[in-house]
Structures are given as structure tokens and as C-alpha cells.
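With chain W's structure known, arrange chains U, B, C, E and R on it following the hints.
Residue numbers (the numbering used here), protein chains in the order written: chain W, 2 to 132; chain U, 2 to 132; chain B, 2 to 132; chain C, 2 to 132; chain E, 2 to 132; chain R, 2 to 132.
Hints are supplied without guarantee of correctness; some may be wrong.
Chain copies aren't distinguished; within one or between two, either way the pair holds.
To be verified - Here are the simulated DSBU-like cross-link-like pairs (lysine-lysine), alpha carbons at most 35 Å apart as the crow flies:
| no. | residue 1 | residue 2 |
| --- | --- | --- |
| 1 | K56 | K96 |
| 2 | K96 | K30 |
| 3 | K56 | K30 |
FYI, nobody ran anything at the bench for these hints, they're computed from the structure.
Protein chains: 6
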Amino acid sequence: MTARREPIEYANASAEVRAVYDDIMATRKTDWVNNFWKVLAHDPATLRRIWSNIKQVMGPGAIDPLTKEMLYLAVSASNGCRYCIASHGAAARSKGMSEAQYSELLAIVGLANETNRMVTALDVQVDSQFL
Amino acid sequence: MTARREPIEYANASAEVRAVYDDIMATRKTDWVNNFWKVLAHDPATLRRIWSNIKQVMGPGAIDPLTKEMLYLAVSASNGCRYCIASHGAAARSKGMSEAQYSELLAIVGLANETNRMVTALDVQVDSQFL
Amino acid sequence: MTARREPIEYANASAEVRAVYDDIMATRKTDWVNNFWKVLAHDPATLRRIWSNIKQVMGPGAIDPLTKEMLYLAVSASNGCRYCIASHGAAARSKGMSEAQYSELLAIVGLANETNRMVTALDVQVDSQFL
Amino acid sequence: MTARREPIEYANASAEVRAVYDDIMATRKTDWVNNFWKVLAHDPATLRRIWSNIKQVMGPGAIDPLTKEMLYLAVSASNGCRYCIASHGAAARSKGMSEAQYSELLAIVGLANETNRMVTALDVQVDSQFL
Amino acid sequence: MTARREPIEYANASAEVRAVYDDIMATRKTDWVNNFWKVLAHDPATLRRIWSNIKQVMGPGAIDPLTKEMLYLAVSASNGCRYCIASHGAAARSKGMSEAQYSELLAIVGLANETNRMVTALDVQVDSQFL
Amino acid sequence: MTARREPIEYANASAEVRAVYDDIMATRKTDWVNNFWKVLAHDPATLRRIWSNIKQVMGPGAIDPLTKEMLYLAVSASNGCRYCIASHGAAARSKGMSEAQYSELLAIVGLANETNRMVTALDVQVDSQFL
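In isolation and in its complexed conformation, chain W is listed as follows:
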């Protein structure tokens, strides 16, 4: 047993795992599955659960698809998850995010992290207008 779990390729996957892979590719209209899912596949119940969550949360709703990806990307950048920045960055770009928009997104992530800490440290009280 090792710390890292190797991706499980389609050819080696169980029927249960293949069913999720198929749904991912059909939903995304692609012919490949990225490593996150192939690593989760060691635990098929979690693979199915997380995919089901992503499909519901990132699917059609009140926020448009590009903005959804940019929100996911911003949180991932704030948390420093490199893989997530790469994968959701690619998704956002495929949905239309320009380089100028990415630069602005990063600037917002940085500034929010700066002011979040200053506000908390200074224990700023919520204005009555915001209640």
C-alpha cells in the first residue's frame, strides 16, 4: 500500500466505475476522463457520490456555467489546490474565460484574502445596514 493512488484506466475499470466514466464523458461531451475521477475510482461509492454532487451543483441553474466555473476556480486558487486550478482553469477557459478575466479573477482572490484577514484581525462589527 502506498500513499498515492494510481489512476484506474477505463480498460481496467469495473462495470460500476465505467458507468460513471461514461456519464462524465456524455455529460461533458468529451472522450476522456481526467485523473481526479480515475483516482477516486478506487472507492466506487465515493466516485459516484462526488460526481453526482458535481453534476448537480455545476449543472444548469440560476448562475451561468462560465460564472460557476470561475467561482470554483477562485475558491480553488484561494485554497492553493494546484490540480484544481489546472482543471477548473481549463474548464473556465473552454467556456469562454479570457486571459484578462483570469488576471482579474486572481487579483480578486488575492485582495479578498488580504482584506479578509485584516477585517477578522480588527474584529470589525457588521454595520446595521448589512443586517
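Just chains U, B, C, E and R now, kept in the frame of chain W:
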């Protein structure tokens, strides 16, 4: 000296601080200044600097104003900054964020935090397609 | 059983706990013990262990006492621990930190959090000059 | 478009970017610019803004230059930003931080992270003496 | 619209929301629902989704129920989520966690946060024995 | 001076450092010491202090050794400390953690991070039943 800094009201502010307050109100077309700025006012150089950053980053650009506020709000929610959630939540709502959109934003923040940790813990390697 | 543990006052403390309280007061030349220790006192082994760590790490060494307190305060502000900001802020002030220095400390905490996220998100490679 | 942005060297930089690089080198009395700035250069407005912030916050003030670098380093270490640890570690050393001081700084960062969590989890109430 | 969402009581809930509340109470063998669910109820799709996740992840499996609650509690304590510490602390206690065990859990949370930062800051390389 | 500290091997270690290495190996009944300790060895006082903490906190107590390792691992996974995940993952496995248990542990870490953020963002009030 105490840990918390009290807000400095306009009436008690120096000319240097009032100039920033005036610019905040003019830029936002409001007649009041929220507590974050009034607390920062104990340190006028920082007040001016942070306001100048906010004005540049959150001003007109490649991302529309509502999306900018939602990105700021998402990062603040992810970081657990209650004041920032209240203030940027109010700003996003004033720019048109609906309750349904806020619910979806929170769902994305939650899910990104979940998958960010799983990805990092499993040390998922970036797919060549994302490079 | 409740979530919050009430402070254990000296009068109600065991001999084992009183010995730590006495050492805290003797080391700090004060006649009271702050709530952190009184809450830890529900678990005397942890009380003694944490105090022993604080005494060693924050005691005389290569960094002067004021700078040590400011470092502790900066990390606590970055982590948003309100109690720790209050207690280490008081300690830093008692050792000479001015309000102007506190303002600068907070500015550094904020800016470091901003650039830390941008650097990580952009996956900046370490310059050979830094290796 | 890829996730990582390549550093923009001086020879390939626009006049606007070169002006910032020149100011960085003049301010620091060095003949090179580190990768953080070269990566930010893809977005000249952000490059200029962040440099202006760093110059103001890390410039002469109430806290001496070495302590400022050590505070920046401590926050970066607490946040796990490897590049920032390398760059601000180098800056702190060039301003006089000894290896013994670095060891003590890391010990403080570690201990603050330990006690910050215990304090928050135990919901310790702020002592009246700290208010 | 305000920042905080008020809990939706059973008497005022829609049939869709009541169905989830009923399942929560039946699963937990209790006659009340805690505030987290009542606040999520403003967004029934998210209420149902998160409950479904909790039910799957915290239900019977390879890890015993008490240990599952203690793991949830440890992560919540590490993240400083006060409500989560209260609710999962109560759940862990109802499943048998003693005060001595809670003290040890908090000690582990604190120590892990300390060593996690030191390890990351020092960029310790993974031993071949761990690969 | 460089940012990374190289591991100090037993053959090159001082008597003071060797004494700690010997105690680590005797306590763990192994014939090698992992890199964390060899890197800490540049600062013998910290090496001894951290080992003493680990020995006390992770030693026999009210929580069984496997659960202790799983708690340490869960916090380390939540914090994204790769080395710590590798080392405490190995320790947990050597004490009996199965792959199915590790999968469930990661699922809990992920879900706790999701709900922790939603709870904090929604400012859920603690139920009276939990007080």
C-alpha cells in the same frame, strides 16, 4: 490600548481620512461609509492604500461588476470572514444577485472545499491535457 | 457535558494545576492567569505540556522578546484567532509594540496573504538565486 | 492557453513592464528581478499595483526592515507558500536573520498554529484584562 | 434580504423539506432537527443533497460510528467551525466519546497543525520507505 | 544558506541529536528515523521538544493508537500537508488501517470541509440542545 479599534466617524476624521471617505461615497454613490474603512482610518496610509486597491480591482474591467462581487463573496465565504460575507453579500445583492444565485454560490464554495482537500490528499497528478 | 469548558479558578484547582499556574505567574511576574490556561486545566497533562512549550519557545533566545510576540501575533491574525490576537496583542504592547507598529504588522499580514495566494495559484517557480 | 504563466524576461517586456522592473531593481539595489514579478507581468496593471503595495508596506516605517521580513516570512510559512518562504527567507537572511533566528521563527509559527486551533476549538472567552 | 438565513421550522416547511426532516429524525432516532438543516432548507435541493451525502458518508461502513464522528469533529476543530464543533461534539459524546478522549483529540488536532506547518515550511522530502 | 535544510544522518549527528534518534527508534521499534526528525535536527532543542510532544500525545491514553493516527492523518489531509499524509498514512496502515477505512476517512475530511464552510458562511446559530 485595546485589541479592537473603534470606527472613526466622519465628524471626527482628519482631512486626509475624509478625503478617502468622500471618494468612497462618490464612487459608490452612497451617503455613508461602512465600518471596515472607519476602522482602517486609524492608519490613514493603509486606508488610502486598501481603498485604492479595491477601487482598481473591483472597478470596470473584463469581468462584469456582479460577477466580481460574487467572486469576492465566494472567497470570503470560503475563508469564513463573517463581516466580509455580510458586506460583499449586500454589494452582490445590490448589483442583482438573487437568493437562488446565492444558494448556488454557497453550494459551489462548499463543494470546491470538499474536492480541493480530496485532490490534494490523493496527490492527483495534473493531466497532460491541462498543461 | 457541554461544548465549552469553563475556566478553572485557582481556588478550585488541584495541586498539579496550581503548580502550573504558579509557574506562569512567576515567569510572567503577574498575579493572574488568563483564560486559555484555565480552560486547558481540565486536562492537566496538556496544560503542563503546552505551558512548557510556550515557556521554551517564547523564552530568551536568538530573537528578542518583542519580535517573538509580534511573530506570534502575526500568525494568530493570519489564522483569525480572536482570543490569540487579544492575548498576544496585549503581550506585544506590554513589551513595547506601538500602535503604528501594530498597524504595520497588520498590513504585512494582509499583504502576505494576498501575495501567498497569487504565487501559489500562478505556480511561480523558485528562482535559482533562492536555492 | 495553459495554467502556468511563463516569466517575462526584461528583453521581452513592454516599456510599461520594464519601468516596474527598473524600479524594483533600483529600490532593492540588485541587477535582477525574481520570478514572481516576471509572472505578474502578464498583467501590467496588477504588476504595478502589487509592487506599489510591497514598496509601501515593506519600506521604511515604525518596524525595522529585518523584523518586517521575518513577519512576512512567518505568515508565508504558516500559509505553506513554498516560493514565498524561499524568497522572503532569502530577503530576511540578506538583512541579517541568522539560522538560529530562523529556527526560532519556525518554532513560533508551529506553536501559534497549535494553540490557535486549541483556543478556537475550546471557544476561550477573552479576559477582561485584554479588552 | 439579509446575510443570515433564519431556520425554517417544521410547521412552516414545504412537503419537500419535511420529507428530509422526517428522514433525518428517523435515521437519527430523534424528535428534532438541528439548525444547520433548517437553514439549508431555504434551498431544498442543497438540503436534500447534503443530507444524502452525510447519510452515506457517516452511515455504516469500514470505520465505526464513534471514530467517524471523532474524525469529523477533529477536522471541524482544525477549521475552527464553532457550530460544527458543538454539533459533532454532541454526536461524538452521544456515541460514547469521554471527556478524556475529547482532550486527547484536541491535543492531536493542535499538534498536527503545529507539525504540518513546520514540515511544509522546511519542505521535508518524503522518505522512500513511505512511497 | 538555503531555504531547504538537508536531513542530518545518524553518522553525522551530535550526541544530543543521536539520543533523540535512539529514543525514536526504541519507542517505535524501528531501525531508521524519518526525514522530519533529520531536518529538525538542525535545531536540537526543537527536535527534542517536538519529539517529546509527539511521544506524549500519540502515546498510550484514552484513544486507541490506530484512531490516534487516523485523527492525525485526517487533520494533515485537511491541511494538505503531503509529507504528513505520507508519514501518518504509513503509520496508520502499520497499525491496521485498511484501504476501505482510508477511503472513508478521506470522504469525511472532504465532507467536513464542505459543511464547515457552509455553516460558517450561513452563520448558523448553535442549537440550545448542544449547549
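Going through the hints against the structure:
1. In this assembly of identical chains, the alpha carbons of K56 and K96 lie at most 35 Å apart whether taken from the same copy (16 Å) or from different copies (28 Å).
2. Taking the closest pair of Cα atoms, K96 and K30 come within 35 Å of each other both inside a single copy (13 Å) and across two copies (34 Å).
3. Taking identical chains as interchangeable, the C-alpha atoms of K56 and K30 lie at most 35 Å apart whether they share a chain (13 Å) or sit on different chains (31 Å).
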